[in-house]
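Asks: Protein sequences appear in the order of chains A and B.
The opening residue of the first sequence carries number 1 in the working numbering; numbering runs sequentially from there.
The opening residue of the second sequence carries number 1 in the working numbering; numbering runs sequentially from there.
Simulated from the structure, these hints should not be mistaken for lab results.
We put the CB at the ideal spot given by N, CA and C, even for glycine.
Treat the hints with care, as some may be off.
Okay, the calculated bits of chain B under chain A, using three or more residues with CB under 8 Å as the criterion [said to hold, decoys possible]:
no.: 1; region: 13-27
no.: 2; region: 74-81
Below 27 Å or equal to it, Euclidean Cα-Cα: the simulated DSSO-like pairs (lysine-lysine) are [claimed, not checked]:
no.: 3; chain 1: A; residue 1: Lys148; chain 2: A; residue 2: Lys59
no.: 4; chain 1: A; residue 1: Lys150; chain 2: B; residue 2: Lys13
no.: 5; chain 1: B; residue 1: Lys13; chain 2: A; residue 2: Lys117
no.: 6; chain 1: A; residue 1: Lys59; chain 2: A; residue 2: Lys31
no.: 7; chain 1: A; residue 1: Lys61; chain 2: A; residue 2: Lys111
no.: 8; chain 1: B; residue 1: Lys38; chain 2: A; residue 2: Lys148
no.: 9; chain 1: B; residue 1: Lys13; chain 2: B; residue 2: Lys38
no.: 10; chain 1: A; residue 1: Lys150; chain 2: B; residue 2: Lys108
no.: 11; chain 1: A; residue 1: Lys4; chain 2: B; residue 2: Lys94
no.: 12; chain 1: A; residue 1: Lys113; chain 2: B; residue 2: Lys38
no.: 13; chain 1: B; residue 1: Lys241; chain 2: A; residue 2: Lys27
no.: 14; chain 1: B; residue 1: Lys3; chain 2: B; residue 2: Lys244
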Amino acid sequence: MKKKKVTIIDYGAGNILSIQRAFEECKADVKIATKAKEIDQASCLVLPGDGSFSYASKKLKKYDFFEKILKHVNKGNPLFGICLGMQMLLTKSEEFGLNKGLSIINGKIIKIKKQKKPHLKVPVIGWHDLYGNLDKKKITFNIGNIDKKKFYFVHSYKAVTNVKKESLAHYNYGTEKITAIIGKENVIGTQFHPEKSGLNGLKLIANILKT
Amino acid sequence: MYKPRLIARLDIKNENLIKGIHLEGLRKIGDPNKFAVKYYKEGVDEILLMDCVASLYGRNSLIDVIKRSAKNIFIPITVGGGIRNINDAENLLKNGADKICVNTAAIKNPKLITKLAERFGSQCVVLSIEAKKIKENYWEAYTHNGREKTGLNVIDWIKKSTSLGVGEVILTSVDKEGTCTGFDYDLCSQVSSISKVPFIISGGLGKTEHINYLLNKTYFDGLAAASVLHYNKLKIKEIQKNLKKK
Numbered sequence: 001m002k003k004k005k006v007t008i009i010d011y012g013a014g015n016i017l018s019i020q021r022a023f024e025e026c027k028a029d030v031k032i033a034t035k036a037k038e039i040d041q042a043s044c045l046v047l048p049g050d051g052s053f054s055y056a057s058k059k060l061k062k063y064d065f066f067e068k069i070l071k072h073v074n075k076g077n078p079l080f081g082i083c084l085g086m087q088m089l090l091t092k093s094e095e096f097g098l099n100k101g102l103s104i105i106n107g108k109i110i111k112i113k114k115q116k117k118p119h120l121k122v123p124v125i126g127w128h129d130l131y132g133n134l135d136k137k138k139i140t141f142n143i144g145n146i147d148k149k150k151f152y153f154v155h156s157y158k159a160v161t162n163v164k165k166e167s168l169a170h171y172n173y174g175t176e177k178i179t180a181i182i183g184k185e186n187v188i189g190t191q192f193h194p195e196k197s198g199l200n201g202l203k204l205i206a207n208i209l210k211t
Numbered sequence: 001m002y003k004p005r006l007i008a009r010l011d012i013k014n015e016n017l018i019k020g021i022h023l024e025g026l027r028k029i030g031d032p033n034k035f036a037v038k039y040y041k042e043g044v045d046e047i048l049l050m051d052c053v054a055s056l057y058g059r060n061s062l063i064d065v066i067k068r069s070a071k072n073i074f075i076p077i078t079v080g081g082g083i084r085n086i087n088d089a090e091n092l093l094k095n096g097a098d099k100i101c102v103n104t105a106a107i108k109n110p111k112l113i114t115k116l117a118e119r120f121g122s123q124c125v126v127l128s129i130e131a132k133k134i135k136e137n138y139w140e141a142y143t144h145n146g147r148e149k150t151g152l153n154v155i156d157w158i159k160k161s162t163s164l165g166v167g168e169v170i171l172t173s174v175d176k177e178g179t180c181t182g183f184d185y186d187l188c189s190q191v192s193s194i195s196k197v198p199f200i201i202s203g204g205l206g207k208t209e210h211i212n213y214l215l216n217k218t219y220f221d222g223l224a225a226a227s228v229l230h231y232n233k234l235k236i237k238e239i240q241k242n243l244k245k246k
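Isolated chain A (complex conformation) (with noise of 0.2 Å):
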């Protein structure tokens, strides 16, 4: 079987390093694209983060990433967005300031509010069962089945789509229902990380690879 080439934005904002193992692991040939025209040709574009939105989209505007994510999206081709790089997808954050994100999905992050059971503490660190509210065929992707298993998660902001059905997932957090996965037709996103939830995480990216 051929490869699937995947480009993972390296804009120093995340953990490039186990991104990259994970998705080689899941028998991806990854490049690693430190400017903006090296993703020109890519096919699937992979957007990790960590840190800050502000940090994060100054860093991808800077180095003109934001204007060449929107034109790869625009041709049809398939964008992977990982934890800070799913919020990025949507259109603005109240993270430190109002800052704007690349407006793929309609809506904004905000802050996770704390909880008062003294286990739900914010950042939420931590593995959290998922609940799809799975409208697939919106999707090009086939993410396979997700629900009731474990992932990943460290944040203290979540996303919220302004369009209900582009939140393709959530996990239950005390009383909140807080935003796993997020997709509309050749973009997907993902609060959690993949790379680091073990094998339903691997599935979960040797799936979309598939696709």
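On the provided structure of chain A, position chain B as indicated by the hints.
Replies: Leaving out everything else, chain B in the frame of chain A:
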């Protein structure tokens, strides 16, 4: 349902997995990478790699171990020991660490915590505390594997460090560490009642009854296991089965 994380803790010296009692009398066990991969395959939630003599000799020999581990392990890896500045942290993160863990350097220079949090995010900055019981309801933070006093009250230090930007605390009871005789339950309860960030309990796990007792007594976010795993006293699945509460 509330399920604290299970963290496999691997203490490392000169690239070997070692284990002591009360963080001392270190005994060589084997290749840390082999153990880490084994625990990953058995379904542990996270891996913690601690260079336990790094601060004694002012070095950091963990890079090679992490590099190898990151190749075959697809769960979060926290790395600690000998991190003195932003560069040390960046070097570890670049080579496969997801979170970095500080103790000695943060006590010497608390501003380092804020610098690390601003650069990498609080979620990435873990504070390691070696807590020794001095008297009833009073624990002091130690460094250098429970050898050096700092004069800091553990509870005060947690409050201060979290306000400076620490995103998670690993609390090791020096008195219980390596003994497999149960946790310092009073310490756990006290920290639980004041900690605003997730905290991990380390030191003392010997049998599943200890977990049940701890769950009944207090809230915590994670449990670190070392001896019971390295010496095959408990299976990961067995611990996880007990590590939850309705």
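Asks: Taking the hints in turn, state whether each one holds.
Replies: Now the hints, each set against the structure:
1. 13-27: It is violated, with 0 qualifying residues against the three required.
2. 74-81: That given contact holds, which follows from 3 residues of the region 74-81 of chain B lying within Cβ reach (below 8 Å) of chain A.
3. Lys148(A) x Lys59(A): The hint is violated at about 35 Å.
4. Lys150(A) x Lys13(B): Violated, at about 33 Å.
5. Lys13(B) x Lys117(A): Violated - the C-alpha atoms of Lys117(A) and Lys13(B) are around 39 Å apart, more than 27 Å.
6. Lys59(A) x Lys31(A): holds, 20 Å
7. Lys61(A) x Lys111(A): At roughly 23 Å apart (the allowed maximum being 27 Å), Lys111(A) and Lys61(A) satisfy the hint.
8. Lys38(B) x Lys148(A): holds, 25 Å
9. Lys13(B) x Lys38(B): Answer holds: Lys13(B) to Lys38(B) is near 19 Å, not above 27 Å.
10. Lys150(A) x Lys108(B): Violated, because 39 Å separates the two Cα atoms, which is more than 27 Å.
11. Lys4(A) x Lys94(B): Satisfied, since the Cα-Cα distance of roughly 25 Å is no more than 27 Å.
12. Lys113(A) x Lys38(B): violated, 37 Å
13. Lys241(B) x Lys27(A): Violated, because 33 Å separates the two Cα atoms, which is more than 27 Å.
14. Lys3(B) x Lys244(B): holds, 4 Å
The structure fails to meet hints 1, 3, 4, 5, 10, 12 and 13 from the earlier list, while all remaining hints are met.
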